[in-house]
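Novice: Fit chains B, C, D and E with the ligands to the known structure of chain A by using the hints.
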Amino acid sequence: MSETILDIRGLVTAFNTRNGAIRAVDGISLSVRKGTTLGIVGESGSGKSMLSLSVMGLVPPPGRIAEGQVLYRGTDLTKLSAAQMRDLRGNRIAMIFQEPMTSLNPVHTVGFQIIEALRAHRKESPARLKEEAIEALRKVRIPSPERRFDEYPHQLSGGMRQRVMIAMALVCKPDLLIADEPTTALDVTIQAQILELLRELQAETGMAIILITHDLGVVAQVADEVAVMYAGKVVERAPVSRIFQDPQHPYTIGLMGSMPRMEEDVDRLVSISGVVPPPFRLPPGCRFNPRCPFVGSECRVEQPALAAMTDTHAVACWKAPLEEHV
Amino acid sequence: QQGNALTILRVIDADKYDPIRSTATAAAEIVYMLADTLVSIDFDMKTIKPLLAKSWTISEDGKTYTFKLRDDVKFCDGRPMKAEDVVYSLKRWTDPASKSPVSFRGGPVKDIKATDDYTVVYELKEPYADLMFQLGLSFASIIDKASVEKLGENFGVQGFNATGPYCWVSWTPRQDFVMKKNPHYAWGPEIYKNPKPQVEQIVWRVIPEQNTLMAAMQAKQADATYYMPYIAIDTISRVPGMKVQQQKNYIYDAFMGFKVDKPVVKDEAIRKAVNMATNKDAIAKAVYFGKGAPMQSLLNPSVLDYDAKSASLMPKFDPAAAAKLLDEAGWKPGSDGIREKDGQKATFTVYGLRNAVNPRISEAMQADLRKIGIDMKIQLWDATVGWGKLATQEFDAFYMSYPYVTANEALNLYFRSTQTPTPNRMNWKNEKTDQLLATATTATDDNTRKGANAAVQQQLTDASVWVPLVSEPMWLVTGDRVEGAKPHGVYGAGLYKGLDITLKR
Amino acid sequence: MSDGVVIPQSPASVPQPEAERIVRRPSVLLLLLREPSACVALLTVVLILLAALFAPWLSPGDPYGGDLALTLQPPGELALLGTDGQGRDMITRLLYGLRTTLLIGFAAVAFGCGIGAVVGFAAAYYPRLSGLLMRLMDVLLSFPAILFGLAIAAIFGPGLTSVIIALSIATVPLMARVVRGAAIVVMQQDYVESARSLGMSDSRLILKHLLPNCLSAIFVFVTLRFGQVILLGAALSFIGLGAQPPTAELGAMAADGRNFLFFAPHVSVLPSLLIFIIVLAFNVLGDALRDALDPKLNK
Amino acid sequence: MLRHTLERLLLAVPVLFGVLLLGFFLMQVVPTDPAIVRAGPTASMEVIEAIRQELGLNEPLWKQFFIYIGRLLQGDLGVSIINNVPVTQELGTTIGPTLELMLASLIWAIPLGIAMGTVGAYYRGTFLDRIIMAASVAGVSIPVFFLGLTLIWFLGFQYQLLPFTGRPGPIWTWEGFKAVIMPAITLGGVFVGPVARMTRSSVLDVLGADHVRTARAKGLPERTVVSRHALRNALVPVVTLIGLQIGFLLGGAVVTETVFSWPGIGRLAVGAILSSDLPMAQGTIIVLSLGFILVNLAVDVLYAVLDPRVRGA
Amino acid sequence: MTKPLLELEDIRKLYPVKKGLIIQKEVGTVRAVDGVSFQLMPGETLAVVGESGCGKSTTARLAMRLIEPTSGTIRYDGQDITKATRQDMRRLRRDMQIIFQDPYSSLNPRMTVEEIIAEPMVVHNVGDRASRRDRVRELLRLVDLAPYHADRYPHEFSGGQRQRIGIARALSVSPRLIVCDEPVSALDVSIQAQIVNLLKDLQKEFGLTYLFISHGLAVVKHVSDRVAVMYLGQIVEIADKKNLYDNPRHPYTQALLAAAPEPDPSRRTAMKSLGGDLPSPLNPPSGCRFHTRCPLAQERCRSEVPALREIEPGHRAACHFAESVPSFTRFRNGEGIHPRLQERLALYARHKAALASVNA
Ligand SMILES: Nc1ncnc2c1ncn2[C@@H]1O[C@H](COP(=O)(O)OP(=O)(O)OP(=O)(O)O)[C@@H](O)[C@H]1O
Ligand SMILES: Nc1ncnc2c1ncn2[C@@H]1O[C@H](COP(=O)(O)OP(=O)(O)OP(=O)(O)O)[C@@H](O)[C@H]1O
Ligand SMILES: [Mg+2]
Ligand SMILES: [Mg+2]
Ligand code: NI
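Protein chains in written order, with the working numbering: chain A, 1 to 326; chain B, 1 to 505; chain C, 1 to 299; chain D, 1 to 313; chain E, 1 to 360.
Simulated from the structure, these hints should not be mistaken for laboratory data. Mixed in with the good hints, there may be bad ones.
Where chain D lies over chain B, by a calculated footprint (3+ residues, C-beta under 8 Å) [as the list claims (entries may be wrong)]: (1) 9 to 18; (2) 148 to 157; (3) 160 to 170.
DEER-style ranges, computed between Cβ atoms [claimed, not checked]: (4) Gln87(E) <-> Ser130(C): 23 to 29 Å; (5) Thr150(D) <-> Pro108(B): 54 to 60 Å; (6) Pro295(E) <-> Ser241(A): 29 to 35 Å.
We put the CB at the ideal spot given by N, CA and C, even for glycine.
Just chain A, with the same shape it has in the complex:
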């Protein structure tokens, strides 16, 4: 089994707000191994982005990491100084974001922004830097990279911009790439291109990827392992094939059912009722209980822990395994 690149243990990221302390990430444990992709799915507001920003050490104030460890190759990132963290960021751990339209600085050329990422971590001659940057652009299949190098983000299409983002993230050849909904804002055709590109690059470099999305289709296509998040917690974690064959958590099942499918003609979608509770008004017990069709009395009292069902499959539900219902 390949080496574990990132190991998150009991991570809690909290915000002190006027409505009280919010735990956007509430005791999450996850790990990613070299060369594999961990997909994280969940509804909006479930804490996916906060989780990734916590890893990067970029939790926006007033948020902070309150508990837990983020072990990168054994070093706890939460204990590093700002300067040490900066050395790793963009260098060993890189990140790409959802909005390619706004994630690039509109006032600097694409080339400059890539070089900047490189220069922050390597001492090399300007000419060499430029070469590497163009190489990175070429690697993400941008046609005529020498010309694009001097263009501004607004001169590029959405797909191109996302490629630039990827080039920028990968230019230092990181071990771990965190992609926060990299394709949500793109058209399907472009999405396919980008996902394909990520897959190829992973095969080539052997980096680990954390892919955040709320499209189960994307997860099915690229992830090796999946974590389902709800209200700041991981409710289910399993290899991708298991998730799609034998989801255990009612929330996961609900998500599966909510997804309209092209291979199936159904009259009504199986939907999850209700909405995600606001983070400062979480219900007692299992956080999903108000929306859960399987809800039982214990669900309203105590939070279920993420318990292993098999070696690789863990679920946080009092009703698990759901087998007896079948």
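Specialist: Relative to chain A, chains B, C, D and E with the ligands alone:
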């Protein structure tokens, strides 16, 4: 720190420095230094002394004046001055064709001619008692014809050539006027100890803001000023090295005039009541910080032909009597405390320039008048718009302060019926006044003149055409580098020729 | 399979309206009051308004009649805050001055912003008019406010009316820009499109949809402009074009009183200080309003 | 971009014409008769009438305006009716000092304002932020003349550190430099506040932007993130504000020039308008408005420099 | 045969692009919608799909005459409304309503939910105050919101709830046609499913006709009866749902289908995606607009514009080689969902239904 330049501070600049084109005192104070007149006026403001003319004779009939000129006078450019220069300058002044606002001051000129290089004959159509004084004013300065012709409209704007103790160097409007010593000059009037200028350079600097001016003097950023705010004079006089001198004979009077044909103020009772209700002492104390003298007469007591008898006719401060007077005249208090008569409210509007004192004087008077049931509305204007406003018929009364040299001059200027609408803003058209003034002006003997002038003063005092307020004194403040400065003040020119002044070090 | 559906035991399990309720965004006033500086500013503004309103009852003296024998008294027993150059009680003058100054501010802002808002909305709503209107506004904008003041004063004579007219005119183009900017953003919102799709009248659309959603921008501008207008008024007073004597107006009092600045500083310092406090209070209030009204900052 | 600039320039022409028209007619409604002004206080009616004829004031208004415009197009701004000095000459001597004063004010006020705003935004909500904001709000709340006189009182008079009685020379001379310090502090003082506040809110907006997060994710040091990615992007609204505030600054300039006896165009304009010196008033209005228009034109061009997205458009 | 409720005939919307501020020079035209024709039958749902910027929203707005077409004819209920006056249009607007994509900007934040929902009635003078009030409560119930929500403001609601409010507003004047411009694109899958279900229920209940804009082929498959695929302002294929998904005849449709990720890890395809980006609608490519990205493009495609022609009854495609394009079927019915998962979903649905009946 200014080296050998004398820095004089003032608050306002003139629009130009052509002697006959500007009536501003700000012009006169410069022109007096740049140019000379035939005669000079002594520190007493009454005595005429020689200057460019070393002597003169006046014919029996008072119509012909013959001046003998000095022969050692040179212009700044070195050219000697001759009688033709004098003739040219005086003609330019008096000729109606030159459209000068001050032409009338030259009197009814018949002819001015040179009989030889150093003799000038000034012929009048009829006698003009004021002529000698007028010839001492800056308007009658002797200037260089060539330079006038060369500069045209720009004479006094871009350059100047005359025979004064100082010569034109440069003028930056609203900022600095720089003049340097006239190297030839040795003909200063005998009122000075030394006939030669002793300061190399004089810089006149405009400081529009009073506080800045005051601070600048105290911070020794300048040497002299006679525009020190009254409030600061006591303080300044206590500053070591600073010297404060008063020119007692300075004639610059503030008054309020009525338009005698306007409703309400055409009533003599109202005018008299206003006169009686105004606390001039308080104004002199509060507004001028005790540095001004309350005026208890139509004209300044220092002026030639001042009439003490008419001064005694001037009603004294007595609000109770004023109220009684109004009662008797039929002005009865209305519900709001303002008097009324025949449905007419006892209210009138006063115009004035917005200077350092008018706002305060007017407010004080307003308060005084309200006490006797008269409502005075105030409208003050910035200096430049103000003159235009003061030429209209929009107002009922106005504030004015003015420099003058003789009673005859002042009375002729303001009360002749031919002087309406300006400067006779009172619309005072009175045959008797006109006759008396004509008599005084054409009188060849002192007594006739004095008598006629006195009669006019009595008539006007009686009619309460003016409310004389305060005689504004001149206070010259000099710094520790300056010696020998003495305030003069003719037509507002505090340093007159600027002779006798020396700079230490 | 089984039908062992777990039946909820108590009605408590039915989603209560409460549970579903998303926390109401607190009212703007409440948000404002959370900020201590805004509280102080609001309190100051209220106090100032009250003081101005009740000036005749609060003042110990006569604003116009003074005693020339008692001029420039320093603050003390005789008069708590001293007397001015005419021997009038400073407290009285300040209270009355406050009235006039606020009047200038309110009137100029009301007229200027009223007209500016109409122009701004027209320019945003009728793109064809926009070019012409905005060029006109540019003309007004490039004509320096102080020169406007001068020209107006020269026409109507110096005094309150002139000051108000000049400051109103100077406010119009700024307001028009602010409103137009805000309105254009609102116009791009789908709810405006949706309102259009209903076929409603232009007036309803502007009044019901455009105006309410521009109000916060307008409000913030108005509070900030209020301060500026008062300062501009003071500058006009400085060159002698403000309120005429004996009207008590803070700007004019400060400007006239500067002649005694080094001898009886209170005559100028007190009105200056009061201007400072008013403008400061309105500025702080404007800033706090901006924060309170910004949805980004209190989501 | 050149084309962009040229077109903006063209667009400014009708605005300038509007300003001229407005200025001209405003001056016409001023009830003061320039002839009386010229004649002086004691002049008689005949003299005044003669001067009216001479100045062409009896022509119909529209004719006066077109005569004026015609001359203007030939670069002739006329001569002052008060002292016959060509208007261009007066403008020439006063514009320099005003430019100097403005420059001296802006040169410290803008950087300081931007720095204060940036620091405030970066340390949002902290004590430092509050202090900075309090200072900048206070800065915009003080009447200009009060600030000026207070400076004179302390720096000029009490400690006698600096001169304050006008402009002894251009600012690049030592004397001139010393003399401009206090006026520049006074005038710039009213500018720091708005710039700081605008910078703060603008930087605050940008600091929350996605691309700043990207910059941090690259591992850039905070200084670079703030200066290169936040401030740089935040400058556009700041520049706009500066353009608009130039007009406001002029109001302050008139007062500052008076307090410090600075021989600038502000005082000239005030004097000219008040004295109904028509050509001079017109001239100053043209110059000041032109200045305002030019500054905003520069702002437009600066947009393109600051934001490549504008360049294409 | 029934007559169409809405008919668009060769509709074009061109936006001239001008350059310069004063001397405006036309540098080109954005052909946002370029010759679109379709008919919408009463009670059916016609979906329009396509990539971003292909002119879907413009088509929707044109259909409602919210913007004026450059050319072409729009018929509503057989009546030509292209030149209808403002007054006439006003009356028609009661019949057609629109639902927007962004649930955040489509509701006026300064109005209460009640005011928002009642506004169409106010504008069209429907009922009095009291009856409108009742109607608002009724509509709220209809879209699964509670009556007490009426007094709240939009910001107090989540995205899905807002979308429901938008739907309630559209329903308030009992329209016949609702144009849905990407009504679910901005929502989470779970909420998306709720809204989609709601829209379908409402259609059944009131016999509504939908023009449904979307860029997700999956959603479209779920809600529509017929599907039109748009590319650069033109319809490239329009067919019954079944035909389109089972037998797409246009390479673009095939590419879209191929690019959709399949939600089954066991069938990971190498995602053969289209190369390149959508060309700019300013100066679209000559001939067949798709030729720049088409894997099957030939010389003819570059020069000759393919007509939208009928391939089989009810199936039209705009491709020269529509008949010869290799058949492509990506998603076959029933295939792909693991039986185990299917059981789970059924179980979930049953439990949900049971719980709902208990609560009711
Ligand atoms: N600055 C903040 N203050 C308070 N709470 C915050 C802040 N930022 C985020 N949160 C909370 O953290 C939670 C997680 O947000 P996060 O952005 O990680 O969700 P997400 O899963 O990425 O959602 P999405 O799919 O919309 O991107 C949210 O409930 C949000 O309310
Ligand atoms: N007012 C306009 N002026 C100029 N071009 C416009 C205008 N409105 C739309 N367009 C252009 O028309 C084209 C079609 O726009 P439209 O909004 O209809 O696309 P869409 O298919 O709805 O895209 P999306 O999926 O992003 O909503 C786009 O290229 C757009 O840039
Ligand atoms: Mg996220
Ligand atoms: Mg769209
Ligand atoms: Ni069961």
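Novice: If a hint holds in the structure, say so; if it does not, say that too.
Specialist: How the hints compare with the structure:
For the region 9 to 18 of chain B, the stated coverage by chain D holds: 3 residues have a C-beta nearer than 8 Å to a C-beta of that chain, and at least 3 were required. Under a criterion of three residues with beta carbons nearer than 8 Å to beta carbons of chain D, the stated coverage of the region 148 to 157 of chain B is upheld, 3 such residues being counted. Under the rule that three or more residues need a Cβ within less than 8 Å of chain D, the assignment of the region 160 to 170 of chain B is violated, with 0 such residues. Checking the proposed 23 to 29 Å range against Gln87(E) and Ser130(C) shows it holds: the Cβ atoms sit about 27 Å from each other.
A hinted range of 54 to 60 Å holds for the C-beta pair Thr150(D) and Pro108(B), which are about 57 Å apart. Between Pro295(E) and Ser241(A) the C-beta distance comes to about 31 Å, which sits within the given range of 29 to 35 Å.
In this structure, only the earlier hint numbered 3 is contradicted, and the remaining ones agree with it.
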